[in-house]
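Asks: Sequence:
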Amino acid sequence: MVRLVHELADYEKAAHECGLTEGRLHAALFGPDPSAGALVATDDDGAVVGTAIWFRTFSTWEGVAGIHLEDLYVTPGARGGGHGAALLAELAAEVARRGWKRLEWNVLDWNTPAIGFYRSVGAVPNEGWTTYRLTGDPLVALAGRTGGAAGR
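So the sequence shown is numbered by our numbering: it starts at 190 and just counts up by one.
Some hints here could point you the wrong way.
[To be verified] Between beta-carbon pairs, the in silico distance windows are:
#1 G336 to A278: 20 to 30 Å
#2 T320 to F219: 20 to 30 Å
#3 V310 to F247: 17 to 27 Å
#4 S309 to W250: 26 to 36 Å
#5 D199 to G336: 35 to 45 Å
#6 F219 to A275: 32 to 42 Å
#7 T335 to W299: 32 to 42 Å
#8 V296 to G336: 34 to 44 Å
Since the hints were derived computationally from the structure, they do not count as laboratory data.
Predicted model, so just to flag it, every value in this text is computed and none were measured.
Idealized CB from N, CA, C, for every residue including glycine.
Start from the sequences and build out the full structure, keeping to the hints where you can.
Replies: Here's what the structure looks like:
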């Protein structure tokens, strides 16, 4: 799975940003406070050719949890074999089994093959919303502004 995430980062032209290690992924999936879930797709020989890594979200409007799909990746040689659709279907089934309401993810604007695939399974873009991210020095600076006013 770690290899596949690094392949995905390279495909997305962001290999230099990917710091995932086996230890970090193991802790995220199996540590004392798991923060992620994962599925794998295998070929007929049992080799891992795809992965879906996700985490739980919460919708205040729905009042229930959902899944955010962080990464969906199938190796180039295995694409078109139904692995991506099977991974998405299993995640959708997990949402339904748990009585949750949403399966969401982000896709890069330039990734037209992925966009086409997602549309083919009935997914639609969340028009009008932009994802924001706070990392690095700005995150540390904002964290330093705490004064205890917010409750936990």
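Asks: Indicate, hint by hint, whether the structure satisfies it.
Replies: Each hint, compared with the structure:
| no. | hint | in the structure |
| --- | --- | --- |
| 1 | G336 to A278: 20 to 30 Å | violated, 47 Å |
| 2 | T320 to F219: 20 to 30 Å | holds, 28 Å |
| 3 | V310 to F247: 17 to 27 Å | holds, 24 Å |
| 4 | S309 to W250: 26 to 36 Å | holds, 27 Å |
| 5 | D199 to G336: 35 to 45 Å | holds, 42 Å |
| 6 | F219 to A275: 32 to 42 Å | violated, 23 Å |
| 7 | T335 to W299: 32 to 42 Å | holds, 37 Å |
| 8 | V296 to G336: 34 to 44 Å | holds, 38 Å |
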